[in-house]
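Chemist: What follows is each chain in one-letter form.
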Amino acid sequence: GNSVTQMEGPVTLSEEAFLTINCTYTATGYPSLFWYVQYPGEGLQLLLKATKADDKGSNKGFEATYRKETTSFHLEKGSVQVSDSAVYFCALLTGGFKTIFGAGTRLFVKA
Amino acid sequence: DTAVSQTPKYLVTQMGNDKSIKCEQNLGHDTMYWYKQDSKKFLKIMFSYNNKELIINETVPNRFSPKSPDKAHLNLHINSLELGDSAVYFCASSQASVSYEQYFGPGTRLTVT
Numbered sequence: 001g002n003s004v005t006q007m008e009g010p011v012t013l014s015e016e017a018f019l020t021i022n023c024t025y026t027a028t029g030y031p032s033l034f035w036y037v038q039y040p041g042e043g044l045q046l047l048l049k050a051t052k053a054d055d056k057g058s059n060k061g062f063e064a065t066y067r068k069e070t071t072s073f074h075l076e077k078g079s080v081q082v083s084d085s086a087v088y089f090c091a092l093l094t095g096g097f098k099t100i101f102g103a104g105t106r107l108f109v110k111a
Numbered sequence: 112d113t114a115v116s117q118t119p120k121y122l123v124t125q126m127g128n129d130k131s132i133k134c135e136q137n138l139g140h141d142t143m144y145w146y147k148q149d150s151k152k153f154l155k156i157m158f159s160y161n162n163k164e165l166i167i168n169e170t171v172p173n174r175f176s177p178k179s180p181d182k183a184h185l186n187l188h189i190n191s192l193e194l195g196d197s198a199v200y201f202c203a204s205s206q207a208s209v210s211y212e213q214y215f216g217p218g219t220r221l222t223v224t
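Protein chains in written order, with this note's numbering: chain X, 1 to 111; chain F, 112 to 224.
Treat the hints with caution; some may be incorrect.
Over the 12 Å line for every Cβ pair with chain F, so calculated as not near, a few chain X residues [claimed, not checked]:
#	residue
1	L13
2	T26
3	T28
4	S58
5	T99
6	R106
Reference excerpt, derived from the structure (chain F facing chain X, CB under 7 Å, subset only) [to be verified]:
#	residue
7	A114
8	F153
9	I166
10	I167
So these bits of chain F aren't anywhere near chain X, every CB distance computed over 10 Å [to be verified]:
#	residue
11	G127
12	K133
13	N137
14	T142
15	N161
16	D181
17	Q213
18	G218
These aren't lab readings, by the way, just hints derived from the structure by calculation.
For every residue, glycine included, the Cβ atom is placed at its ideal position computed from N, Cα and C.
Please model the complete structure; the sequences and the hints are all you need to start from.
Modeler: Here's what the structure looks like:
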């Protein structure tokens, strides 16, 4: 079946450090891939998305590239800020309405 | 204007009670969802409605019953509440023709004592 695996957290970084959160997926067909972010006490919000192989999604300095050959969609940011502290969810959608979410990765950024 | 709103934000109740959570979206979307998020942040889909028709009905106890009076509203009624129902419940909406990206409400934190 379809599934998403993302690196376990928490990830703790100092401000201005480079961030990578790994995400790999298993899916039939050609899924759309998403990263959602959940700030403390809030609902999830879409951070970026990619709908086909080799697409790069980007937003707020975050990037992720849809790699079909490695079935991956790793999230990266060159210089994190304290305000980036949140839980990040990788997700996929392959046909239909059911989005499959990963388990979430909590990021702490220290000043 | 809040895109997806839920009421109440907090709900504290005793075991055995019946409670409802309401959700409304003003985005004009045709699909709405209920999710349950546990204390470890794991997100589980419960139900989804598309144009008022139930299209996703995951394995949840039949004490949980969704109801969609129109495309903009999706309510969740829970009978005979149990301790294990304590969680944060999120409503979300999407438009099927726009890559299904979902818009989430702020969540309802349910605590059963």
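Chemist: Holds or violated: is the Cβ of F/T142 farther than 10 Å from all Cβ atoms of chain X?
Modeler: Its Cβ does come within 10 Å of chain X, the nearest being 6 Å, so this is violated.
Chemist: Evaluate the condition: distance from the CB of F/K133 to the nearest CB of chain X exceeds 10 Å.
Modeler: 15 Å, holds
Chemist: Beyond 10 Å from every Cβ of chain X: is that where the Cβ of F/G218 lies?
Modeler: 5 Å, violated
Chemist: Looking at X/S58 again, its CB stays over 12 Å from all of chain F?
Modeler: 15 Å, holds
Chemist: Please verify that hint: F/F153, Cβ, nearest Cβ of chain X, below 7 Å or not.
Modeler: 6 Å, holds
Chemist: Would you check whether the claim that X/T26 is not at the interface survives, using Cβ distances to chain F and the 12 Å cut-off?
Modeler: 17 Å, holds
Chemist: Let me know if the C-beta of F/A114 comes in closer than 7 Å to any C-beta of chain X, holds or violated.
Modeler: Violated - the Cβ of F/A114 stays beyond 7 Å from chain X, reaching only about 10 Å at its closest.
Chemist: Hey, does X/T99 actually stay past 12 Å from chain F on C-beta?
Modeler: 6 Å, violated
Chemist: Are all C-beta atoms of chain X more than 10 Å from that of F/G127?
Modeler: Non-interface label stands for F/G127: nearest chain X Cβ at 29 Å, farther than 10 Å.
Chemist: Hey, does F/D181 actually stay past 10 Å from chain X on C-beta?
Modeler: 18 Å, holds
Chemist: Are all beta-carbon distances from F/N137 to chain X longer than 10 Å?
Modeler: Check passes; 15 Å lies beyond 10 Å.
Chemist: Given F/I167 as an interface hint, is the shortest Cβ-Cβ distance to chain X below 7 Å?
Modeler: Status holds, d = 6 Å.
Taken one by one, the earlier hints fail for this structure at numbers 5, 6, 7, 14, 15, 17 and 18, listed in ascending order.
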